[in-house]
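6 protein chains.
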Amino acid sequence: MADTWLTTLITDTPQAGFELAITLSRRGVKYTQPDAAVRDRLRTEYAENADSLTAASQVIAINFQTIAAANNYWRK
Amino acid sequence: MADTWLTTLITDTPQAGFELAITLSRRGVKYTQPDAAVRDRLRTEYAENADSLTAASQVIAINFQTIAAANNYWRK
Amino acid sequence: MADTWLTTLITDTPQAGFELAITLSRRGVKYTQPDAAVRDRLRTEYAENADSLTAASQVIAINFQTIAAANNYWRK
Amino acid sequence: MADTWLTTLITDTPQAGFELAITLSRRGVKYTQPDAAVRDRLRTEYAENADSLTAASQVIAINFQTIAAANNYWRK
Amino acid sequence: MADTWLTTLITDTPQAGFELAITLSRRGVKYTQPDAAVRDRLRTEYAENADSLTAASQVIAINFQTIAAANNYWRK
Amino acid sequence: MADTWLTTLITDTPQAGFELAITLSRRGVKYTQPDAAVRDRLRTEYAENADSLTAASQVIAINFQTIAAANNYWRK
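Chains as they are written, first to last, in my numbering: chain A, 1 to 76; chain B, 1 to 76; chain C, 1 to 76; chain D, 1 to 76; chain E, 1 to 76; chain F, 1 to 76.
For the record, the hints were derived by calculation from the structure and aren't laboratory data. What you are looking at is a predicted structure, and each value in this text was computed from that prediction instead of being measured. Just to be clear, a hint being listed does not mean it is correct.
Cross-link-like lysine-lysine pairs, in silico, DSS-like; alpha carbons within 25 Å at most [stated by the list, open to error]: (1) F:K30 x E:K30; (2) E:K76 x A:K76; (3) B:K30 x C:K30; (4) D:K30 x F:K30; (5) C:K30 x D:K30; (6) B:K76 x A:K76; (7) F:K76 x D:K76; (8) C:K76 x B:K76; (9) F:K76 x E:K76; (10) E:K30 x A:K30; (11) A:K30 x B:K30; (12) C:K76 x D:K76.
Pulled from the structure, derived: some chain F residues nowhere near chain D, Cβ distances all over 10 Å [stated by the list, open to error]: (13) D12; (14) T13; (15) E19; (16) A36; (17) Y73; (18) R75; (19) K76.
Beta carbons: idealized from backbone N, C-alpha and C, even for Gly.
Model the full assembly from the supplied sequences, consistent with the hints where possible.
Structure below.
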């Protein structure tokens, strides 16, 4: 992938960090399946499956651990 | 999602931290499946499945790791 | 849930910490499936399934990581 | 469980730590399924299943993370 | 494997770190299945399966945790 | 197991650390299934299954986290 999509793990707020965790999770999929049409088709399937949604939430949780640590947990 | 739902990882007690971990876990699902009606239907299914419940508990455990670290484990 | 069930992550011994990890794992299930009768029925099923037991042990292991860190690993 | 089985996470060697990680993993199962006869029967099944063995190895790996950190990775 | 493929975990940017995490994830597969033709065949299958893609993204997330820590999260 | 197979987590290079992570992952299986003939048979099966290979790669990733931390990420 030639595009630049990740230049920092630092975010202003925990919520922005959580949303970055979602981006990382989706990028992990995109590197394996680069075809957007295939990903869109698959998403409509797994978005109706409880276990698939839990699994997706788990990947986000793992990436959020990384981002939260990078931001020192946004402690004041 | 335009709403603000996560402004801090700091909580007064470990229990409040655990409940925040649940919120994060559900938000991870919500970002993938924004339709509340679909999520409600799926929940009635997986809440009757032991493995689905274990998987949900695991995502909570992972998010709780993050929140507990953010709070220095609520050490006195 | 209105009851108070988690006021500290600190325990006297590693074994007490491990048992607290079990409590956290079960609470993660209870928040998703509050009906005790349903949980009891499901438990008799998954307690006879090797993969379900391994999955349960994994959630305990993740929660034990958190509790062990909170207790500085009970180092003397 | 009334017996005392875990008084310290400290071990002399990494290998002893790895074996303690196995003990923790099995205890996680034992708390959920206390009947030894059932566990023995289930073990003969999952010991012949590649995915079950990988899952068991994963729980050990997670517990080993905890024990290795407790021992400061047995650095000299 | 006789070739040298991993001499450092340090990367210039988070994105390069994420791509290294992908490399580690694929190497983990390659050590178990060294035959490139088999891996290529399997990839075409799992790249069409949503749960397989989520699982692949999860391994990347775990490896990215390691690499991000190694790089002190690329903090300025 | 009477043999000594793990005396240190320290390795000269990240790649040697990754290979040690593979050793740990396989040992986790070996403790549960000590019969080499059974393990060999199972390996030929799961080495042809994409999800099994991803799961194996995940266990390696978890063990690599431990070993990388032990080696301070091989920072110069």
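query = Which hints, by number, does the structure contradict?
reply = none
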